[in-house]
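Colleague: Residue numbers (this note's numbering), protein chains in the order written: chain A, 82 to 384; chain B, 82 to 384; chain C, 19 to 309; chain D, 19 to 309.
Incorrect hints may appear among the rest.
Stated by the list, open to error - Cβ-to-Cβ under 10 angstroms is the rule here; a few derived chain A residues that face chain D: (1) M143; (2) H186; (3) A196; (4) Y296.
To be verified - Below are the DSS-like pairs computed for lysine-lysine, each with C-alpha atoms no more than 25 angstroms apart in a straight line: (5) K359(B) with K96(C); (6) K193(B) with K192(A); (7) K359(A) with K96(D); (8) K359(B) with K193(A); (9) K192(A) with K359(B).
These are calculated hints, taken from the structure and not from any lab test. These numbers were taken from a predicted model, which means no experiment stands behind them. Beta carbons: idealized from backbone N, C-alpha and C, even for Gly.
Here are the chains, one letter per residue:
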Amino acid sequence: MSVHQSGADPHSAIPRGEDGRTLAPFGRRRALVVSTRTVGSYVLLELADRDGPPADPGQFHMLATQQHWGAGEDERPFLPRAFSPMGSSGGHLWFMLEDVGPGTHRLATLKKGEALWVSGPFGRGFHSPETVHVEARSVSGDDPALGDRGGPRPILVAGGIGLPPIIDWSRRLTEQGTEATMLLGFRDAAHAQVAASFATAQLATDDGSAGHHGYVTELLAAELDRDQHAVVYACGPGPMLEAVRRLVSERDVPTELALEAGMACGYGACFGCVVPLKDGGYARVCVDGPVMAAGDLAPVPAH
Amino acid sequence: MSVHQSGADPHSAIPRGEDGRTLAPFGRRRALVVSTRTVGSYVLLELADRDGPPADPGQFHMLATQQHWGAGEDERPFLPRAFSPMGSSGGHLWFMLEDVGPGTHRLATLKKGEALWVSGPFGRGFHSPETVHVEARSVSGDDPALGDRGGPRPILVAGGIGLPPIIDWSRRLTEQGTEATMLLGFRDAAHAQVAASFATAQLATDDGSAGHHGYVTELLAAELDRDQHAVVYACGPGPMLEAVRRLVSERDVPTELALEAGMACGYGACFGCVVPLKDGGYARVCVDGPVMAAGDLAPVPAH
Amino acid sequence: MPVSFCGLALDHPIVNGSGTFDALAAERAFGRTALHAAFPFSAYVSKTITLVPRPGNPPPRLWETATGLVNSIGLPNKGVEAYLADDVPRYATLPVPLITNVMGATGEELAEVTAAVGDRPEIAAIELNVSCPNVATGLDIGAVPAELEAVLRRVRPVTAKPLIVKLTPNTADVALCAQAAEAAGADAVSLINTLRAVPLQPDGSGARWLGGRQGGLSGPAIRVVALAQVAAVAERVGIPIVGMGGVQHGRHAADLLSVGATLVAVGTESFRDPIAGARIAAELSALAAGA
Amino acid sequence: MPVSFCGLALDHPIVNGSGTFDALAAERAFGRTALHAAFPFSAYVSKTITLVPRPGNPPPRLWETATGLVNSIGLPNKGVEAYLADDVPRYATLPVPLITNVMGATGEELAEVTAAVGDRPEIAAIELNVSCPNVATGLDIGAVPAELEAVLRRVRPVTAKPLIVKLTPNTADVALCAQAAEAAGADAVSLINTLRAVPLQPDGSGARWLGGRQGGLSGPAIRVVALAQVAAVAERVGIPIVGMGGVQHGRHAADLLSVGATLVAVGTESFRDPIAGARIAAELSALAAGA
Ligand SMILES: Cc1cc2nc3c(=O)[nH]c(=O)nc-3n(C[C@H](O)[C@H](O)[C@H](O)COP(=O)(O)OP(=O)(O)OC[C@H]3O[C@@H](n4cnc5c(N)ncnc54)[C@H](O)[C@@H]3O)c2cc1C
Ligand SMILES: Cc1cc2nc3c(=O)[nH]c(=O)nc-3n(C[C@H](O)[C@H](O)[C@H](O)COP(=O)(O)OP(=O)(O)OC[C@H]3O[C@@H](n4cnc5c(N)ncnc54)[C@H](O)[C@@H]3O)c2cc1C
Ligand SMILES: Cc1cc2nc3c(=O)[nH]c(=O)nc-3n(C[C@H](O)[C@H](O)[C@H](O)COP(=O)(O)O)c2cc1C
Ligand SMILES: Cc1cc2nc3c(=O)[nH]c(=O)nc-3n(C[C@H](O)[C@H](O)[C@H](O)COP(=O)(O)O)c2cc1C
Ligand code: FES
Ligand code: FES
Chain A
82 MSVHQSGADP
92 HSAIPRGEDG
102 RTLAPFGRRR
112 ALVVSTRTVG
122 SYVLLELADR
132 DGPPADPGQF
142 HMLATQQHWG
152 AGEDERPFLP
162 RAFSPMGSSG
172 GHLWFMLEDV
182 GPGTHRLATL
192 KKGEALWVSG
202 PFGRGFHSPE
212 TVHVEARSVS
222 GDDPALGDRG
232 GPRPILVAGG
242 IGLPPIIDWS
252 RRLTEQGTEA
262 TMLLGFRDAA
272 HAQVAASFAT
282 AQLATDDGSA
292 GHHGYVTELL
302 AAELDRDQHA
312 VVYACGPGPM
322 LEAVRRLVSE
332 RDVPTELALE
342 AGMACGYGAC
352 FGCVVPLKDG
362 GYARVCVDGP
372 VMAAGDLAPV
382 PAH
Chain B
82 MSVHQSGADP
92 HSAIPRGEDG
102 RTLAPFGRRR
112 ALVVSTRTVG
122 SYVLLELADR
132 DGPPADPGQF
142 HMLATQQHWG
152 AGEDERPFLP
162 RAFSPMGSSG
172 GHLWFMLEDV
182 GPGTHRLATL
192 KKGEALWVSG
202 PFGRGFHSPE
212 TVHVEARSVS
222 GDDPALGDRG
232 GPRPILVAGG
242 IGLPPIIDWS
252 RRLTEQGTEA
262 TMLLGFRDAA
272 HAQVAASFAT
282 AQLATDDGSA
292 GHHGYVTELL
302 AAELDRDQHA
312 VVYACGPGPM
322 LEAVRRLVSE
332 RDVPTELALE
342 AGMACGYGAC
352 FGCVVPLKDG
362 GYARVCVDGP
372 VMAAGDLAPV
382 PAH
Chain C
19 MPVSFCGLAL
29 DHPIVNGSGT
39 FDALAAERAF
49 GRTALHAAFP
59 FSAYVSKTIT
69 LVPRPGNPPP
79 RLWETATGLV
89 NSIGLPNKGV
99 EAYLADDVPR
109 YATLPVPLIT
119 NVMGATGEEL
129 AEVTAAVGDR
139 PEIAAIELNV
149 SCPNVATGLD
159 IGAVPAELEA
169 VLRRVRPVTA
179 KPLIVKLTPN
189 TADVALCAQA
199 AEAAGADAVS
209 LINTLRAVPL
219 QPDGSGARWL
229 GGRQGGLSGP
239 AIRVVALAQV
249 AAVAERVGIP
259 IVGMGGVQHG
269 RHAADLLSVG
279 ATLVAVGTES
289 FRDPIAGARI
299 AAELSALAAG
309 A
Chain D
19 MPVSFCGLAL
29 DHPIVNGSGT
39 FDALAAERAF
49 GRTALHAAFP
59 FSAYVSKTIT
69 LVPRPGNPPP
79 RLWETATGLV
89 NSIGLPNKGV
99 EAYLADDVPR
109 YATLPVPLIT
119 NVMGATGEEL
129 AEVTAAVGDR
139 PEIAAIELNV
149 SCPNVATGLD
159 IGAVPAELEA
169 VLRRVRPVTA
179 KPLIVKLTPN
189 TADVALCAQA
199 AEAAGADAVS
209 LINTLRAVPL
219 QPDGSGARWL
229 GGRQGGLSGP
239 AIRVVALAQV
249 AAVAERVGIP
259 IVGMGGVQHG
269 RHAADLLSVG
279 ATLVAVGTES
289 FRDPIAGARI
299 AAELSALAAG
309 A
C-alpha cells in the first residue's frame, strides 16, 4: 500500500499517521451548527469544529447530537453515525445528509446553534490518480501509460448520498490542477437538484426525470470506452459500488471505492463494520477504509 | 367508603364511576401546550386537553411529551409521570411542576405548541368535609358536631409541590360556599413565591425566609388547638404527610391525605405504587388514592 | 386476524402479559362500559394467583431504566379462594376468554391451585408461573429442565384445561426447559418473563432501591432477548408459543410471530398507553394486510 | 484511585471490556503519541484470541437498540501465534499492563492457548472466555458449573499468571458458576458478557439481521442485569470481580464497586466516546472525593 496521501496539504502541521492519513483528536468534541439548508431531498449542514483538523477527502466523522439523540418514534439512535464531509477547512465542516432513519432524521432537523458530538476525521481517504494507477498496475511511477498529462484521468462516480466525498475529492483535485470527469447518479430529479452547481458533471437518474435515463454505471462504461487510461473513484450505495467493481474489474481499471457499512465506533474498536476481501477474510471499513482498492474486494454487500 | 364525590359538578354529563370519581377516557390522548410560566422555583403549564373531562380536585393525570421523552443526560424518562392539576375546566388543564428529575425537567422545558400524551383523570379526589367527618366518626350526617355552619371547617395543608391539588380543592370549596383555612409550607422564599396570590393563606418556610420559620405542621397544630371540629386535607412530600398523619391521629381529626408514589401506569395495572395500610397489606395510590383517609394508613414512606 | 390457540378462537393474536393489566382496576379508572367496548386484548390473562393471599413486597416496587422497567411487585393477590369467589365472576363478564395465571412454592401447591382453578367453567386456560425458587437448590424450578418436568407431571393430570407454562428467561437454555414442558404435557409455553435485575439507590449509598431487594427487567430493553428465546424455543417444540418482551408496536408483534409465536403478549407498553394492546393489534393487522 | 488487582498495581479501577477497544487500531486513528499520552484504561484487555486464526462472522455484525448494541462479531483474530509474534510486543509499549483474553472450543484447546500466552512476560494476566458452546450438550461450557470447574482444573496448572474467568450471563445462576471457578483456582472472575439476542431484518421478512444469526446485547440496556449478577457473585465468592455491563458514567462504575466489584470494565460506551474510560475514571474519583 502507498504511504503517499495525495490529499495532503503540504504547508499544514496537522498530525498524520504512518500511512499518511489525517489523525483524529483522541476523544469526542463539541461542535455547533452554523447553518442548515435543504436542497431537494438532502440537507446541508455546516458545523463549527474549531478543535478538529480538516479531513482528507474520503475520510469521515462520527456525529451525534448532544441533546435528544434517541427517544424518537423508535427510540434509536443510540450510537453515533458516520458521515463524510463534502468539505472541511478553517475549522468548519460541511455535510450533506439524507434522512433515511432515526439518526439522519435527528441530524436533518438540527437548528443553528445546537450542539453535536463529533469525532474524527477517521479512516483512509482517496489516493492520487498516480498512486492508484501505480498500485493497481504494480508498475513504477514512470509507466508510459501515465501519459503526458501528468497522470491518468480521474473519473469520479457518485450515487446519491455518495456525493459528499466525491465533491470534496474533485475540489481537492482541481486545487492540484487536475480536472476530473464527474458522473453523478440519482434516483430522480428531486435528488439530483443538489448537483445543479456542478455544471460540467454528467447526470443520470433512475427514472429519467433528469439527465440520462438509467444508471450512472452506464455513463461510466461509456467514459471507459473512450479512455483506456482512466482511474476511477466511486462512492454510493452497496449495489452501485458492486456494479462499478464488476465493471472496472472486467476492464482492469485502477479504482478506489469509498465504502459504507453500519458502524458502532468508527475507529476500529468494535470490528463491526467489515467488508469481505477478495482473498478471504474481512477488512474494517472504518480503519482499513472507507476508501479501498476495488481490486482487493470481494463482491460488495448490499448493506 | 362514601359514594358521594363532593367535587361533583351537578350539571355535567361527565361519566362517573361507582364511587363517584370522574372516569378517564380509555387510552391516552394528545394535548398541546397553551402556555408556560416560571414562578419562583416552579413552572406553570397550561394544556389544551379538548378530549378530557375536568378532574375532581385531588385526581391526577399521567403526562409524557410526545417528542424527546427520554434520551437526555441519563436517558430516562421512559414511563409517563403523575401530576395533579391545580385547575381543570373548559378543556384546559393547569399544572404546577417542580424540576426534580429527567421527567419533570423535560416537562418544565416544554414550549408553547408542543404536544403531550395525556391520560386521566385518575384516582379518587378529595371528599366533602361532611363526608370525611361522617366517615371518620362513623356517625350519621346529622351529628351535632357538624355545627350550624353546614359542616366542619376544612383546613388545607400543602407542602411544596403538594400545592396544586390543594389549590384546586380550595377553589372548588369556595365555589360551593365553603371558605377553607390554607396552610402552606415551602423550603424557602423562592419556592413560596408561587403562593403570593393566596393572600389569606398562612405561610411557613423551613429557613424562615418567608412567613413562619418552621414546618407547616406547626401551623396546623396551632389551628387544631383553636378548632376541635376541623377536617384536614393535606398534600406534600412523604415526611410532611407522615407528620400530619401523626398529628391528626393523636388528636383524632378526620383527615384526607393526597399521597405520592412512584407510578408506572396510573390506572391500577402494575401494582407498583403502593402505600402500607394500618391494618396490614398495601393500597395502590393510583386507584385506591391518591386521596386516602389518614386513619387507614400505616406510617407514610418517605418515597 | 382471528387466531386459534389451544382450542380457543381469538379475535386477534394480542393478549396481555400476566400482572400488567388489572381489568377490575381498569373498570374503576375508565368505567366498565368503556373498557368492555374496547377491550384491548383477545384474551385476558389475570395476575398470578397463589394458594394463600400475599401482600406483595414493600415499596418501592418500581425502578425505571432508559427503555425498561424493573419491578419487584412480589405477586400480591387475594389467594385462590377469594379470587374464585370474587374476581372470576366479574372477569367472566369481559368480552374475551379468561386465562388464569397461577403459581405455587412446590409442585404440590401448584397442583392444588391448578385443580381449584381447573374446576371453574369461566376459566378457559391456565398459565403456570414456574419462576419460584426451589428451596433446596436455590434455582428457580422453571430453570432446571428435569425439575420442571417433574413438577409438571404432577400438575398436568389435575385438569383437562389447556396448560400454558410460563418459562423463566433466567436459564442457560430456555429451549431445554420448553422441551421439558412439552414432554410433560404442556399445551403451550409462554415467554419471556422478566430478567433478574438489581437497581441501587440513586444517592450512591450502594443500598438497594427495591423493597424486595431484587426485581425483574421488562420493556423494550429486553426485546431482542425475547426474540432470541422465542426463536430458540420455536426451533425445538411443536406446541404453540405466547411470545412477549418489550412489544411496543405491531412490527414487534409481527417479529415474534415470524420467529414462531402464535400469540403475542403486551406488558410494560400498556403502562405507557392503556390501549396499547388494541393499537398493536390494529398495527399488526395493517402489516398483515400490506404484506 | 489506585487499586490492586491480582497483584497488579493499577492507577484506577477502570479497564476496557475485551473486544471493545483495539489499541492498535486506535493508534492508527488517533496516533500513537496521543493514545499513549491519555490511555483511558488502567490495564488493557485484548480481544479474544484463539488457537487458530478466525475470520469472524459475515456482516452485518451490528444491530442497534434504543439503549444497547447487539453484536455478532464472531471473535475474528489472527490466532495465538501471530498475536504473540506481532501484537504483544506492540501492546507491551502501552503505558498500562496487558491482560490477554483467550478462548478454546475445548478444555484442551483452552489449556494450549493459555500455556502459550502464559509464557510471555509482557502479559500480566489472562482472561478466559468460557462462553463457547459444548458440542455435546449445546450449552455454553461456562453455563454449567460442573463443566466449567472441570475445564478450569485442566487449565489452571498450565500457568502461574493470574487467571480471570469471564463468566457467561446466560445461565440460571451465575453465582454457582463463579463458585465453580473459585473452587478450580481462578484468581478473579469478570462479568457480565453479552446477553443472547436475536434481531430481525427491519423489512418485516422475519429473516435474521445478523450474518452470525444470533448475537449478544451490551450497553445501558443490560446495566441492571449486570448489577444483579455482580451482586449475586460477590455474595458467594471471595476472589476479586471485574464488573461490567452498560457502564456510561462514574456513578455506574461506583454502583458496581459498591456491590462488590474490584475493577469495572467499560465496553460499549467507548464506541460512543473514545475516551469514555478516562472520563469515567475521573468521574469515579470525583465521586469518591465527594463522599
Ligand atoms: C464512511 C461513511 C460515510 C457516510 N457518509 C454519509 C454522508 O455523507 N451522508 C449521508 O447522508 N450518509 C452517509 N453515510 C451513511 C449514514 O451513516 C447512514 O445513512 C446513517 O448511519 C443511517 O442512520 P439512521 O439512524 O438515519 O438510519 P438507520 O435506520 O440506523 O440505518 C439505516 C440502515 O441501517 C439498517 N438498520 C435499520 N435498523 C437498524 C438497527 N436497529 N441496527 C442496525 N442497522 C439497522 C437499515 O437496513 C438501513 O439500511 C455514510 C456512511 C459511512 C459508513
Ligand atoms: C398523584 C401524584 C400527583 C403528583 N402531582 C405533582 C404535581 O402536581 N407537580 C409535581 O411537580 N409533581 C407531582 N407529582 C410528583 C411527580 O410525579 C414526580 O416529581 C415525578 O414523577 C418525578 O419524575 P422525574 O423524572 O422528574 O424524576 P425521577 O428521578 O424519576 O423521580 C424522582 C424520585 O424518584 C426516585 N428515582 C430516581 N431514579 C429513579 C429510577 N430510575 N426509577 C424510579 N425512581 C427513581 C428518586 O429517588 C426521586 O425520589 C405527583 C405525583 C403523584 C403520584
Ligand atoms: C409490573 C409487572 C408485573 C408482572 N407480574 C407478573 C405476574 O404476576 N405473573 C407473571 O407471570 N408475569 C408477570 N410479569 C411479567 C410479564 O407478564 C411479562 O412476562 C414481562 O413483563 C415481559 O413483557 P413486557 O416487556 O411486554 O412487559 C409482570 C411484569 C411487570 C412489568
Ligand atoms: C462489539 C463487541 C465485541 C466484544 N468482543 C468480546 C470478546 O472478544 N471477548 C469477550 O470476552 N467479550 C467481548 N465482548 C463483551 C464485552 O467485553 C463486555 O463483556 C460486554 O460488552 C458488556 O459490557 P458493556 O455493556 O460495557 O459493553 C464484546 C462486546 C462487544 C459490544
Ligand atoms: S465501526 Fe467499529 S470497527 Fe469499524
Ligand atoms: S401506578 Fe400502576 S398500579 Fe398504581
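Colleague: Each of the hints needs a verdict: does it hold here or not?
Modeller: So, going through the hints one by one against the coordinates:
no.	hint	in the structure
1	M143	holds (9 angstroms)
2	H186	violated (14 angstroms)
3	A196	violated (14 angstroms)
4	Y296	violated (23 angstroms)
5	K359(B) with K96(C)	holds (18 angstroms)
6	K193(B) with K192(A)	holds (18 angstroms)
7	K359(A) with K96(D)	holds (18 angstroms)
8	K359(B) with K193(A)	violated (57 angstroms)
9	K192(A) with K359(B)	violated (55 angstroms)
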